[in-house]
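Take the two lone chains, each set in its own frame, and fit them into one complex as the hints suggest.
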Amino acid sequence: MIYMGQRKVRVLIAKPGLDGHDRGAKVVSLALKEAGMEVIYTGLHQTVPSIVNQAIQEDVDVIGLSIMSGAHIPICRKLMEELKKKGVNGKLVVVGGVIPNRDIPALKEMGVHGVFPGGTPFDEIVDFIKNNVKER
Amino acid sequence: MGVATYIKDEKDAIKEVILQSGIKIKPVYTPEDLERIGFDYKKDLGDPGEFPFTRSLYPLGYRSRNWTVRQYTGFGTPEETNQRFKLMISHGQTGLNVAFDLPTQMGYDSDDPMAEGEVGRVGMAVDSLEDFQIAFKDIELNRIGTGLTINAIASVMLAMYQAMAEGYGFKKEEISATPQNDILKEMIGRGAWIYPVEPSVRLIGDVIEYSMKELPRCNPVSVCGYHIRESGCTPAQEIAYAFEIAFTYIDNVVARGYEAEQFVGRFSFNLNIYGNLWENVAKFRAARKLWARLLRERYGVQNRRALFLRGIFGGGGSGMTKQQPENNIIRGAYYALCAALSGAQTTALCSFDEAYTIPTERAAIISLRTFQILMDEIGLRDTVDPLGGSYFIETLTKEMEEKILEEMEKVEKIGGMIEAVSSGYVQREVARQAYEYEKRLQRGEITKVGVNKYTEGVDMEVELHEYDEAWAEKQIKRLKELKRRRDQKAVKHSLKELERAARNGKNVMPYLVDCCKDYATVGEMANVFRDVFGEWQEPGIF
Chain A
177 MIYMGQRKVR VLIAKPGLDG HDRGAKVVSL ALKEAGMEVI YTGLHQTVPS IVNQAIQEDV
237 DVIGLSIMSG AHIPICRKLM EELKKKGVNG KLVVVGGVIP NRDIPALKEM GVHGVFPGGT
297 PFDEIVDFIK NNVKER
Chain B
7 MGVATYIKDE KDAIKEVILQ SGIKIKPVYT PEDLERIGFD YKKDLGDPGE FPFTRSLYPL
67 GYRSRNWTVR QYTGFGTPEE TNQRFKLMIS HGQTGLNVAF DLPTQMGYDS DDPMAEGEVG
127 RVGMAVDSLE DFQIAFKDIE LNRIGTGLTI NAIASVMLAM YQAMAEGYGF KKEEISATPQ
187 NDILKEMIGR GAWIYPVEPS VRLIGDVIEY SMKELPRCNP VSVCGYHIRE SGCTPAQEIA
247 YAFEIAFTYI DNVVARGYEA EQFVGRFSFN LNIYGNLWEN VAKFRAARKL WARLLRERYG
307 VQNRRALFLR GIFGGGGSGM TKQQPENNII RGAYYALCAA LSGAQTTALC SFDEAYTIPT
367 ERAAIISLRT FQILMDEIGL RDTVDPLGGS YFIETLTKEM EEKILEEMEK VEKIGGMIEA
427 VSSGYVQREV ARQAYEYEKR LQRGEITKVG VNKYTEGVDM EVELHEYDEA WAEKQIKRLK
487 ELKRRRDQKA VKHSLKELER AARNGKNVMP YLVDCCKDYA TVGEMANVFR DVFGEWQEPG
547 IF
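Protein sequence lines, in the order shown, are assigned to chains A and B.
Be aware that the first sequence starts at 177, since it is given in this note's numbering, and climbs by one per residue.
Be aware that the second sequence starts at 7, since it is given in this note's numbering, and climbs by one per residue.
Isolated chain B, as found in the complex (with noise of 0.2 Å):
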């Protein structure tokens, strides 16, 4: 979903074309619309690999350094998604990215009554230190990057993945590890959220606080664009929100007495591709040069890598149709494309089947092949930064950038990011955008193939990944076994500390280490959050 709005003649002719930005494309581009924008190669562009990084991060952009293939996988138990991790990279995949199933976002444990059901199903369930130590197994953590999708308690997460890399013999310096960590798009869109909007945040400072210090190759936050678009908000709102939380959550370190200098070189973002190809490319673009600009002129960077928009760029879910399935292999292909065109470092795809369900291993093979082909057969890797200097996509990405910061000022006007999620601002714009969407899609005046044209009746049935009620079974009796085996004393000790760190306001991460190492369970620490600061109520919309 997510293509223009187009108006036509009767004969079928395009009149109008608007992008879901609200910005109108002209049927012809020439010199004179560079000269109407002002363009000035040097100070919008600059060569690939130096400020403002319009182009790319890197001189050679591709020609120096592939991407990053990282789709997130994960379902069951560990042992399945060890053997899953296993086959994808055997198969070519360079970096991980773990799905955790809901009562491990949630902080509970698979035993939990609010469990029931949804062990091991959309992703993979984790209870302890023991679960990481399985996933994990036999995977060379000082070469292979993982990313965890995991929000409301990245903390508890990546305090685990130090103390299982540690046990096999990694040293913290030399594992990378991406928690996604952004709690606020959380509470705008993917629902993960546990613990109020302050000291949700807090624990969002505390994990990119201790990576600076203890976990050098660690990128402590992943700021979400992706999952605020799938919810509903346009390209530009996308990019405009995730800037607004990125600044949140500079600022809260900032308060604690550092220079953002010292720690945002190690921030990603994690962006949506669907919908227009232009309008997301020229997004792409305008949000690498705005990012670079934002943190010299706010937070006075200089050291230039520091200045990077690093992340991952992958096909949105929102793109994909439960209507001829097929078609989503396709279209996965053209949000590939995009993501090549726009100098993506990481890139992911949602497989054909996501519609359905989490994705099978064919599926997921299958998203895998689509970038090894675009890289390795197409001749992506050729030049840098291709379309550049295109009349057309320099005066769109400069009219990206100007939506951009007209949707930032709007949040700023309010107050910020806490303020914009607290009073419910932010949500009620993207369920609007999100009805409007849906709205014109029914009425025809955007099409989705195979949804509203060139329908075909009756649904294809594809093969799904099927859920084994198994796995829940054996979770829960591996916890309960390491409930019994484990030195309840110690366990009891250290999540006594933890507690006083919360209360305390102190780095909780040191303590959270010491938890894992001692198999407190997820739920157990998380449970210390609860008990803490209280859970988040969230506010009325309608």
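Just chain A, with the same shape it has in the complex (with noise of 0.2 Å):
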């Protein structure tokens, strides 16, 4: 769904760490628009702690990561474990970049929900998150 309840889906796009290259969060970013979605980006270079505050301050339904320096699982680790240190639930978390498929298993089981390399297909992401976030 677009729409929960009453309110459109937003989504928090973040650039963890020091890695610069954010074409395909921009890209990203405007196909989430496009579907009708809110998206706050976060610009580059953020700590974890930032971005988790960012997704309560901002009330989003999804916090979508994107990291191309091949550093995405000690940052999903770092992620995961300060929502739960922030006793933050309910938000949907996916990430992108560049990811061999390889770390697809350990990402998932540290409670990513979605894991979309370089090249996924817009309407891919899109569905997913439709169909995984949250009624509130």
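No wet-lab data here; the hints were simulated from the structure.
Check before you lean on any hint, since a few could be wrong.
With a straight-line cut-off of 25 Å between C-alpha atoms, the simulated SDA-like cross-links for lysine to any residue are [said to hold, decoys possible]:
| no. | chain 1 | residue 1 | chain 2 | residue 2 |
| --- | --- | --- | --- | --- |
| 1 | A | K261 | B | T36 |
| 2 | B | K143 | B | E180 |
| 3 | A | K306 | B | R446 |
| 4 | B | K459 | A | V302 |
| 5 | A | K306 | B | G450 |
| 6 | A | K262 | B | K523 |
| 7 | B | K30 | B | A10 |
| 8 | B | K454 | A | E214 |
| 9 | B | K454 | A | N229 |
| 10 | B | K459 | A | K262 |
| 11 | A | K209 | A | R278 |
| 12 | B | K502 | B | V538 |
| 13 | B | K419 | B | I399 |
| 14 | B | K177 | B | E136 |
| 15 | B | K454 | A | R278 |
| 16 | A | K262 | A | E214 |
| 17 | B | K454 | A | P297 |
| 18 | B | K459 | A | N229 |
| 19 | B | K486 | B | E503 |
| 20 | B | K445 | A | D303 |
| 21 | B | K14 | A | N229 |
| 22 | A | K284 | A | R183 |
| 23 | A | K260 | B | E122 |
| 24 | B | K523 | B | T36 |
| 25 | B | K445 | A | A211 |
| 26 | B | K459 | B | V538 |
| 27 | B | K454 | A | E300 |
| 28 | A | K284 | B | G463 |
| 29 | B | K445 | A | G219 |
| 30 | A | K284 | A | N229 |
Structure follows, in structure tokens:
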């Protein structure tokens, strides 16, 4: 669904860490916007605690991380811990970027809901969010 | 990625070809096309080595001078990087191009909390002069030129390179380093920026001014259309933005009381190859010509060699795919062919496994072999500018020239590149192009083999370069030991002097060299600038 009750699905697209390659983050942001979602883009060089704070403040339904540096495992682990620490529940967590297939199971195991390596069709990402975002 | 849009009829015949830069290609070109564009051999081409250098910078092209191959290399600690450097040199590579890890590029020491998980990952970790001494041990720095892929703190790294080379007994006049040192493109596309726009550009100017006086064989700036293209802009925009960025740096130094003629001859460019072969060949030929002409017109540069558009034309990573990765070897070969047909002086390729991670040893050597096969087996050194005079290529070169000028004018209308970046204009334009491109790709209007056509379902697995967590521990341990061992008073003093120079608008380079020689760390030097200049806030673009 695009609308959760009365409001649009809200997505935080975040660029954690030092990696500055943001073509993917920007392109996906534009695609989600065109699909009718509200997108907040953090900009570059964000720390995990700052991403979680923004997710809380903006009251988003989805946190989407874009990671190109290869550091997706440690960053996602940190994000999941931070969400737990702050008692944040019910947000859909998805990750995109340069992610080898073999790392997908490890990411899923730590609680990441969706993994979208570079080249994933927009429709697949949009459908996944629509089908998995929680009603509140 | 980056091929043209093809409009076909129901029988698969091509009705229309539209290049990314917006130029339509005709099915046939004849002498009439040359007449239509007012083609004039002397004015538009000139002989190779003659103004405006459309055909080549050198009269004999690759006959007199083979190209330099400079694969982007670096990972882990300086020890691993030194080994890979030596391996590549032993296999015939003639230049180095250092990849730094993200903490180094962003001015953080390896033990900074911001560096966690990133030390040595996408490049070599460098904390102090000691690391450079290890990385460049036993390399003939008077013979091998080195690209330093770093921007926000390129000043720090060039100073460190000088300090290291002098320590090994080389004279500063004989070393040849090419720090990338292009911060505006980082703000548009690659994201490794730290300080606000104006002080960042001033640091670029400091490096150029210092090199002009002290490091005559160094190329103080490598203006990168490459990364802007990777971020999504068209080939015409790539050149237009690169030139506007270059003008910004020239203007900064000219404002200090110099003539462009004195320093612009050491500028170099880093430009991208992926997508349509013809569009790229025309792009490079048009770029060489325009650069020479614009330097003459705008800055009165007369010296022939100062008008050269020198640089690296390298295979773009965006062209590589995660699907059917072996195809990337073939793509790389065609990009290399394009570089050769375009008269590239220096070249490099993304290796076939780079859609996954940084290259394995094997993958890096395959890229090197690709270049060697072209030059040594296939005949690309036989004659200069082999496509020169083609009705098609000459027409397209002229049309590209016009497109580039059109895009430059758009930037100039809003007040030049500093304004265009500060306001987010270029970033917005690039993101829009990237999105449109991606949609066309997903709709199948642009073909990408193995991605949206001729797919195989299951991805093959490739052997991947492994990241070793032990590198970070080793690097942090070395840093801690260094901090205990060095002369603290000297470090404190040299950092204080650096701060004073930064605040007072003095050229920071000599002070950075002193800091490096006292083993101040990258983080300490970068933080001096953070304190003085602050950090950049990106403009919102959505």
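Outcome of the hint check:
no., hint, in the structure
1, A:K261 / B:T36, "violated (71 Å)"
2, B:K143 / B:E180, "holds (17 Å)"
3, A:K306 / B:R446, "holds (23 Å)"
4, B:K459 / A:V302, "holds (22 Å)"
5, A:K306 / B:G450, "holds (24 Å)"
6, A:K262 / B:K523, "violated (45 Å)"
7, B:K30 / B:A10, "holds (9 Å)"
8, B:K454 / A:E214, "violated (30 Å)"
9, B:K454 / A:N229, "violated (39 Å)"
10, B:K459 / A:K262, "violated (45 Å)"
11, A:K209 / A:R278, "violated (30 Å)"
12, B:K502 / B:V538, "holds (12 Å)"
13, B:K419 / B:I399, "violated (30 Å)"
14, B:K177 / B:E136, "holds (19 Å)"
15, B:K454 / A:R278, "holds (24 Å)"
16, A:K262 / A:E214, "holds (24 Å)"
17, B:K454 / A:P297, "holds (13 Å)"
18, B:K459 / A:N229, "violated (42 Å)"
19, B:K486 / B:E503, "holds (24 Å)"
20, B:K445 / A:D303, "holds (16 Å)"
21, B:K14 / A:N229, "violated (50 Å)"
22, A:K284 / A:R183, "violated (28 Å)"
23, A:K260 / B:E122, "holds (20 Å)"
24, B:K523 / B:T36, "violated (63 Å)"
25, B:K445 / A:A211, "holds (13 Å)"
26, B:K459 / B:V538, "violated (53 Å)"
27, B:K454 / A:E300, "holds (18 Å)"
28, A:K284 / B:G463, "holds (22 Å)"
29, B:K445 / A:G219, "holds (23 Å)"
30, A:K284 / A:N229, "holds (23 Å)"
Taken one by one, the earlier hints fail for this structure at numbers 1, 6, 8, 9, 10, 11, 13, 18, 21, 22, 24 and 26, listed in ascending order.
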